[in-house]
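Asker: Residue numbers (this note's numbering), protein chains in the order written: chain A, 100 to 552; chain B, 100 to 552.
Note that these hints are calculated values from the structure, not bench results. One or more hints might be untrue.
Repeated chains share a single entry, so a pair holds when one copy, or any two copies, can fit it.
As the list claims (entries may be wrong) - Here are the simulated lysine-lysine pairs, DSS-like style, with alpha carbons at most 27 Å apart:
{"no.": "1", "residue 1": "313", "residue 2": "516"}
{"no.": "2", "residue 1": "290", "residue 2": "263"}
{"no.": "3", "residue 1": "291", "residue 2": "259"}
{"no.": "4", "residue 1": "179", "residue 2": "120"}
{"no.": "5", "residue 1": "327", "residue 2": "518"}
{"no.": "6", "residue 1": "209", "residue 2": "120"}
{"no.": "7", "residue 1": "284", "residue 2": "300"}
Protein chains: 2
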Amino acid sequence: MAMQFELTKEYIDQLRDHIEKSNEVEVFQLVKDLHPADIAEIYDELDIDEARFVHVILDNEVAAEVLVELEEDDRERFLKILPSEDIARFINNLDSDDAADVIGEFSEEKQEEVLSHINDLEQAGDIVDLLHYDEDSAGGLMAKELMTVNENWNIMTCIKEMRKQAEDVDEIYYVYVVDDNNVLKGTLSLKKLLLSASSKKIANIINTDTISVKADTPSEEVANIMDKYGLVALPVVDALNRLVGRITIDDVVDVIREEAERDYQLVSGITQDVESTDSAWVLTRARIPWLFIGLFGGIIAALVMGVYEVDLGINPKMAFFIPLIAAMGGNVGVQSSSIIVQALANNSMGFEGIGRKLLKELGVASINGIILSTVIFIYNYFFSDSFALTLTVSAALFSVIVFASMFGTFIPMFLNKMKIDPALATGPFITTVNDIMGLFLYLMLARAFFSIF
Amino acid sequence: MAMQFELTKEYIDQLRDHIEKSNEVEVFQLVKDLHPADIAEIYDELDIDEARFVHVILDNEVAAEVLVELEEDDRERFLKILPSEDIARFINNLDSDDAADVIGEFSEEKQEEVLSHINDLEQAGDIVDLLHYDEDSAGGLMAKELMTVNENWNIMTCIKEMRKQAEDVDEIYYVYVVDDNNVLKGTLSLKKLLLSASSKKIANIINTDTISVKADTPSEEVANIMDKYGLVALPVVDALNRLVGRITIDDVVDVIREEAERDYQLVSGITQDVESTDSAWVLTRARIPWLFIGLFGGIIAALVMGVYEVDLGINPKMAFFIPLIAAMGGNVGVQSSSIIVQALANNSMGFEGIGRKLLKELGVASINGIILSTVIFIYNYFFSDSFALTLTVSAALFSVIVFASMFGTFIPMFLNKMKIDPALATGPFITTVNDIMGLFLYLMLARAFFSIF
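Chain A with its partners taken away, still in its complex shape:
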């Protein structure tokens, strides 16, 4: 029984050694039993010429699957060094959705060149169809390969017809039932088909409670639907309800993962999809935009403090709690915004309107604010010699917690209303605004209290 392959340093060293000596037979022996996903992982550890050496040794079908499993950037670099004829040969062996994904990354010129080398005209036609759809929609996720039977057939005819269609479809999951106009009527599960007498009419075992999506449904919504209803395949229809393709769960798992990673990176202040194995230059470009926001915020903070320079000169202790106030504003803002961003992403906002949400957040902020400002009040009461400072810090801390949580709650909801991705609001942007606001509140209160006490 095949077990999961574990990539070791020894394996890679051995493989590179054979590649260097151009031992084709040994290299083939090393990779022939591996899953394409494992071979793709191996390429990550090889340089591009070594990977090419392995790739041309592989069977066409395996080589094609390996391409699909590669990271987008790696695939792009890799395909650049392969002639269009070879690419076409690989793509011939792929499911239409994977083929379209691969070709979709090329320039239009290169797309045409590769397409012209694809022998299977039906496949080429399917790919051209799929390229029309937005990458992030149901149409961009779906494959054209599926099993359809006519609602008027009986099970016997159905199975005969399926034997004909079976060659093109990897995993069947469901058989789609359509009428004479290709309008989707429902599904047959393979289980029912296998376990029913063959003389039965399809109409007797059809499941008409079939959930389908339109081709322009955004992929996030597709993922939510498949997740919510626990579906492994979802049919895609056009405006007239005619069946045009189907989406399988593996594509949707990718959508869910990518979405989650993107949100995670945004809250961490990283603007594009990067991995720890990317080059230093790519990593820098992904990170510096948010740092510029932070830098800009820091300059504004310096300007705000300039206004209070005299006060700071008289009471240098005023400066002591600036890091505390700024940090708390940032932390609270990120907490508040990330809860809203997740609720928006999961469609779990409930029916509370913006007003109700803000009100509840006000409650949370007030509790947190009272607890934390009491703690710092007690600390300062015992360890600080300035009662004005003690009062200032507690009052400012409470105010900044309330302000930051209101701001952190409101901004993502506002962006969402404006059709802007609310995930942009978490992370450095909210932190920076709250830093400045907290600083301003603090210095203002300090001037007031120091003049009174």
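Chain A is fixed; fit chain B onto it per the hints.
Answerer: Okay, now just chain B, sitting in the frame of chain A:
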């Protein structure tokens, strides 16, 4: 054709109205065609007694599925008001994995009580078996319901046997082939079974390249395997390779989502799984621990500044750039750590050792540091009247960026080595340490430069 149900305020108002008037027939009409996942969403909008009114009207099987679809907290509260007999009746209708998940949330006493009311002894036995496994392992994810056939049968016998077993299994996906000792030998795809002549031997169509996992494999690894190899079902075996259950993709999608949400919440400074619809008190408890870390950090920052009180009194402008330095340290640290945390979660660290990773991060940090400190140098050169301050800010900014990125890279890798979840390192902890470190570097450099220039 059933379309996806959209929950509207009007629908809920109508439903509540009928519930208030105890119109059972009208309530049943409103919910009878809905998917359990939709009914669970409706419960979110009702109070607990209203939800119970709906629940007892539902068919047993639907009512059971609704329980599975509820959020864990809601389910717990809801089951508290139902008698054990009713709970047992619902659980009788569930797949063993879902049943074990529901029962697993009870106290041991209540577990025994509910189990004693389950009529189906096989189901009760399966549940007890499953309760032994760790919730976050393959055993905790798997269901006992699966189709097994003996390797020595032919397809005809196989289909006959499957008709017997079919009642218990919702979705088949694969049929597992075992030997006389129940040792897993391989799989049959339903497609092959359906499309092969019925006199064929199973041995001729068996797929022996079957990936399986042991029952104690952690659920994160299970998710990675199913995602990587694009599997919809994964067999689980014991130490002797005997088949004990199977995991289906829908359970793994939940694992992936939960993992991603948890990491997202940790980087945002939220310690337990909360939703925007939770109560203010739950939300407060989830957030305040990280805020205490921030508060503690702020107090240390104040103590550090106390050491430099005299300098701050002489040069109040020194304080102006404290927010900038602190903010940049925090931002850079979170960026660095989140890239490592993601790489660790995805198993995509590559073969670069800790040393190589730190070296590359040093490169990234140096580029970012040079760019940003040059920008702030130019700004201060024109707008600040103190050359000592200009130098201090740029030198401190560069230092803190380098320190924060080294620290942000190292800590998650270190935690991972210590078998502690590295995601704990992103967010407030790293931010707080970097804030303090940045402040310290800045004040130290300021004292030095102000004494020279």
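Asker: Against each hint, give a clear statement of whether it holds in the structure.
Answerer: Hints, one by one, checked against the model:
Taking the shortest Cα distances, residue 313 and residue 516 sit within 27 Å of each other inside one copy (23 Å), while across copies they are farther apart (47 Å). In the homo-oligomer, the alpha carbons of residue 290 and residue 263 lie at most 27 Å apart both inside one protomer (19 Å) and across protomers (12 Å), since each shortest distance falls under that limit. Proximity of residue 291 to residue 259 under the C-alpha cut-off of 27 Å is found in both arrangements, the shortest distances being 16 Å within a copy and 13 Å between copies. For the homomeric pair residue 179 and residue 120, the shortest alpha-carbon distance inside one copy (25 Å) is at most 27 Å, but the shortest distance between copies (70 Å) is not.
For the identical chains of this complex, residue 327 and residue 518 are intra-copy neighbours only, at 24 Å inside a copy versus 33 Å across copies, given an alpha-carbon limit of 27 Å. Taking the closest pair of Cα atoms, residue 209 and residue 120 never come within 27 Å of each other, the shortest separation being 33 Å inside a single copy and 67 Å across copies. Taking CA atoms no more than 27 Å apart as the test, residue 284 paired with residue 300 passes inside one copy only; the shortest distance there is 14 Å, against 36 Å between copies.
This entry does not satisfy hint 6, going by the numbered hints stated previously; all others are met.
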